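Trainee: Full structure from sequences and hints, please.
Now for the letters of each chain:
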Amino acid sequence: MTGTALPSTALSVWVNDRLHEMEVPAHWTLLQLLTDALGLGGTKDGCGQGVCGACTALVDGQPVRACLFLAVRARDRRVTTVEGLRANGTLHRLQQAFVDEGAVQCGFCTPGMLLAGAALLAETPHPTEEDVREALVGNLCRCTGYARIVRAVLAAAGPAGVGAP
Amino acid sequence: MTLPAFEYREPETLEEAVGLLRDGGDEARVIGGGTALVVMLRARLLRPRLLVGLGRIPGLGDVRGNGDLRVAALATHREIERSPEVRRHAPLLAEACRRVGSPTIRNMGTLGGNLAYGEAASDPAPALLALGARVTVVGPAGARTLPLDGFFRDFYETALGPAEILTAVHVPPAPAAARSTFVKYTCLSEEERALVSVAAVVVPGPDGTWSEIRIGLGGVAPTPVRAHGAEAILGGERPTDGRLREAAARAAADVSPLGDRQGSAEYRRAMTEVWVRRALETLRAE
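Protein sequences appear in the order of chains A and B.
For the first sequence, the working numbering begins at 110 and goes up steadily by one.
For the second sequence, the working numbering begins at 844 and goes up steadily by one.
No wet-lab data here; the hints were simulated from the structure.
Here's a subset of chain A near chain B, in silico, CB distances under 7 Å, partners left out:
hint : residue
1    : Ala135
2    : His136
3    : Gly159
4    : Gln171
5    : Val181
6    : Ala244
7    : Gly247
Simulated DEER-style distance windows between Cβ atoms:
hint : chain 1 : residue 1 : chain 2 : residue 2 : range
8    : A       : Glu243    : B       : Gly868    : 37 to 45 Å
9    : B       : Glu1109   : A       : Pro268    : 49 to 57 Å
10   : B       : Arg1104   : A       : Arg195    : 37 to 45 Å
11   : B       : Leu889    : A       : Asp169    : 24 to 32 Å
12   : A       : Glu239    : B       : Gly1085   : 36 to 44 Å
13   : B       : Pro1016   : A       : Ser121    : 39 to 47 Å
14   : B       : Gly985    : A       : Glu239    : 44 to 52 Å
15   : A       : Arg195    : B       : Gly910    : 46 to 54 Å
16   : A       : Gln214    : B       : Glu858    : 49 to 57 Å
17   : A       : Gly267    : B       : Gly1085   : 49 to 57 Å
Values in this document were obtained by computation on a predicted structure and should not be read as measured data.
C-beta: ideal position from N, C-alpha, C; glycine also.
Mentor: Below is the structure:
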């Protein structure tokens, strides 16, 4: 190795409602920041090409591919990972619905599914099945055939016209 | 796999961004949403020394709908698909942006990045060709605005010169009677690139003839293209079955598809004929 210094940038970023001030190499992805620097292993490194959705995280509430998102672009923004879905020791209602519906097999795609699903429910509290399928179109699951995952998101939403739990 | 090291700058003005690109030469690149560039970096297809992010430059994400629709370069596909201005002024563009990748990719990818990348199977590009769009680019010699028809030069090559940045897309107002449609055909999964996409705009007259026809095609040539030959067959004519078939056959004859894992060149040509005909039939049925 030569002694070339890697250009890096000072960054402040909110992750799961905690402010982190850190020095981040410019070529790091958000995925590296979350897993390597912060030790948050829920965000998975799948295809590395933005295809599989296993690295889905929320930035300001919107789902992004953490493997394609430069960490420096998360400056002063609010990032949510699967570790941040649980509140006060209680599973997010979507996590509970995944448990209840048996929507998890190997679990590798599950964090991405949960975040894409949670982002949908935040914007569309009572989605149709088509809404759910569209929201999850970029999240691949090789185990379940998707039926239980879609059912879990619909179950977490509850019937239209009924307030969210 | 990690990315090769680079420096990252976020200038606060366009002039500063152009200066960084000019000084960086071939080793400097603009990054928009990163959905294309980061994949190329990871594959080591590019090894830039400097990436220039545009996110701090004021106004580069705006969508404005007075007269011309003006969509600034950093507007994401998701923002465009949902924008009331776009849906009112150019629903064809909203529909095409809704077919890009998956919602998560659409949250990241920008319209300017999509066009500057020069992807042949772009979804917005054929729609914007059919809408008669123009693009503004800013570079060392100042700003210039040019028609999108002609912007795409060759396989992943555009009219962007050294240190030029695509800053905005302009869509002229459509006549009240204009009809438009967008179809995207892929034989892989929903979020894949188009095997062929067809965007078409026509203005039916009171006598039933069509005018101001523009057809944009994606995925069937080294760049997004207009189907000028098919447009000429339809112009000033009634859209009879025979006319539509003739125009579709002409569109297929004029394209120069490349084969890939989705389909051979021959298959893409055959599908061009099918989907152009169906798009035109949809416009006739409206």
